[in-house]
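What follows is each chain in one-letter form.
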Amino acid sequence: MSTKLVIGLDGDSSGERALAFAKDLSKLIGACELLVVYVIEWSPFSFQTAEENAERHKRREEEITTAMARVVEPAVAALTAARLSARGIVRHGDVADTLNAVAKKEGAAQIIVARSTDNSLKKRIFGSATAQLVMEADVPVTVIG
Amino acid sequence: MNRLIQAATITAFGTSAAPAIAQEAASLDARVNEAFATATGPFVSFIFAPFPGTEFPWIVMWLVIAATVFTLYFGLVQLRFFGHAIALVKGDYSDPNDAGEVSHFQALATALSGTVGLGNIAGVAVAVGIGGPGATFWMILAGLLGMASKFTECTLGVKYRNEYPDGTVSGGPMYYMSKGFDELGLPGGRILAVLFSIFCILGALGGGNMFQANQAHAQITQITGDYPGWITGLIFAAIVFAVIVGGIKSIARVTEKVVPFMGIMYVLAALIILLVNFDMIGWAFGQIFAGAFTGLGVAGGFVGALIQGFKRAAFSNEAGVGSAAIAHSAVRTKEPITEGFVSLLEPLIDTVVICTMTALVIIISQQLIIDEATGNYMLNEAGTAIATVDGNSGVALTSAAFASGISWFPFILALAVVLFAFSTMISWSYYGLKAWTYLFGEGKTSELIFKVIFCIFIVIGAAASLGPVIDFSDAAIFAMAVVNILALYFLMKIVRKELQSYSARLKSGEIKKFSH
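Protein chains in written order, with the working numbering: chain A, 358 to 502; chain B, 165 to 680.
To be clear, the hints were calculated from the coordinates, so they are not data collected in a lab.
Note that this is a predicted model, so its numbers are computed, not measured.
Even for Gly, the Cβ is constructed at its ideal location relative to N, Cα and C.
Honestly, I wouldn't trust all of these hints.
[Stated by the list, open to error] These stretches of chain B come out as covered by chain A in the derived footprint (C-beta under 8 angstroms, 3 or more residues): (1) 254-267; (2) 329-339; (3) 417-427; (4) 588-595.
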């Protein structure tokens, strides 16, 4: 049975560091499957107009396709080119909660994320998704600086 | 969206245009008013006609009887599934794999932004001002019954919506009328759908647009002083145009976020006033119960209180009108009935909670003058409404009531009214558009024509007090209810079948909560 590692990407350059670390780690482990996960920030408790609601399914599909094409597939291709087993997942939701949920569902041994580059006011007040993940995750989390 | 509110507001605020502009426009306005009054008068009179020998409009009875029938037919669904509705809104039954789709909460919030507004602020003041505190009792009762109407129409709205290949959806009474009647092998579904769509377009342009623009301008001039209404109309039209034609969603998003915040703030302010006057809450409820059955001296006695309460609830939460079925139909669910359960919370929040808060604040603030000798309320000189401290009615009465507890609240209230009006316009532009595309087909040109017409009507609504036009638009909204409820009587057996199947599967454990 191979070990599964979840790599959380945020579409930023910092994700490259997380990918590089995961690559090295998987070579050390041996039989290993890498799950490249991109979470589109979304809350079921946000407010939308009726028109946005009517188009939501269409937009969701577009968001998933875009995230797959721009972030996840290039990362999976790079890992596969390095002869590693990898697949991509795109989900909507709270970043920390969703990464943890994917890790639990897939039986992953570890979650690897890069340190957040977000310096927004929201992060200063509520903390970053990375910090939240470290505090709440059910599996070990490695944060790449 | 109530003729009474309009009358009260027109009385409270006077005309909206500056004298010079008003003079110039007077002849044109007069001609338009006359033409409309002649053409639409019989229809308006028919919709708002009272039962012979009473002042009770038959349309209100139509809505209340329907709500009672649905309540009994579905075995008090609003009580039996209240807890389940809360669980659905919390997302307990939402599949995590559907994350990113429209949630039950979002559909409910969107529908609420179309109904919570002027009715809760101005309409309640009119109801309590005319019908006395007792009107609140009947308003709450009508709100509770209306939950069953919403449940019925919103379940059907989701069940018979159109899902297009590109992933967008269109739903509402026009779709369940045509598809539902076809499914039952009944004739006339398409005729009802066309009639409903026509009334929905007219209602969207009137009550959902012109009335809102008119009231927003009236509220703004309370703070800024009088200026021509077309200026407010043009600004509103430009913003609405930017949102619905220009696709600048950020404005709508900001509004959709601010409006719930304003709603919560309104309820919190009411709670603060109630807490400060905690010792009077018992007395206020005493007035509500006593007034409900005796009238406490109001015009028309307890029947007057009953009429005002029922009217206010029906006009405020739109249960049975069919508009909510359009808003709720976008939710992502495999079980249409779940949206029915969620939608029944709408009249509860709109009428039972928010309207009651307004009523309690008005009663407790003692803006309504009581004759100390008899303990009854004193009537104004005309004998048509209860005399108030400063002669206020409508929005002004609510504003004065809140100001007695929180002096600066009228400024917040003015902002809330403007935002509620904008939010209602955005919601009704969508309802009208859906009816328009049902009649004329989906397509960019067709949609653009309606959107431009909608924006033009904002300017007209803010600039002129075209009474007969607005009366007709209000009548159109309630005409929607005539057609919609008629269809619901034929289609309610489909909803009962869904309810029985869902209840059985919920009981057996086939429908389970998801662990999040």
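Cross-check of the supplied hints:
1. 254-267: holds (count 8)
2. 329-339: holds (count 5)
3. 417-427: holds (count 5)
4. 588-595: Three-residue rule met by the region 588-595 of chain B, so holds; n is 4.
Violated hints: none; the structure is consistent with every hint.
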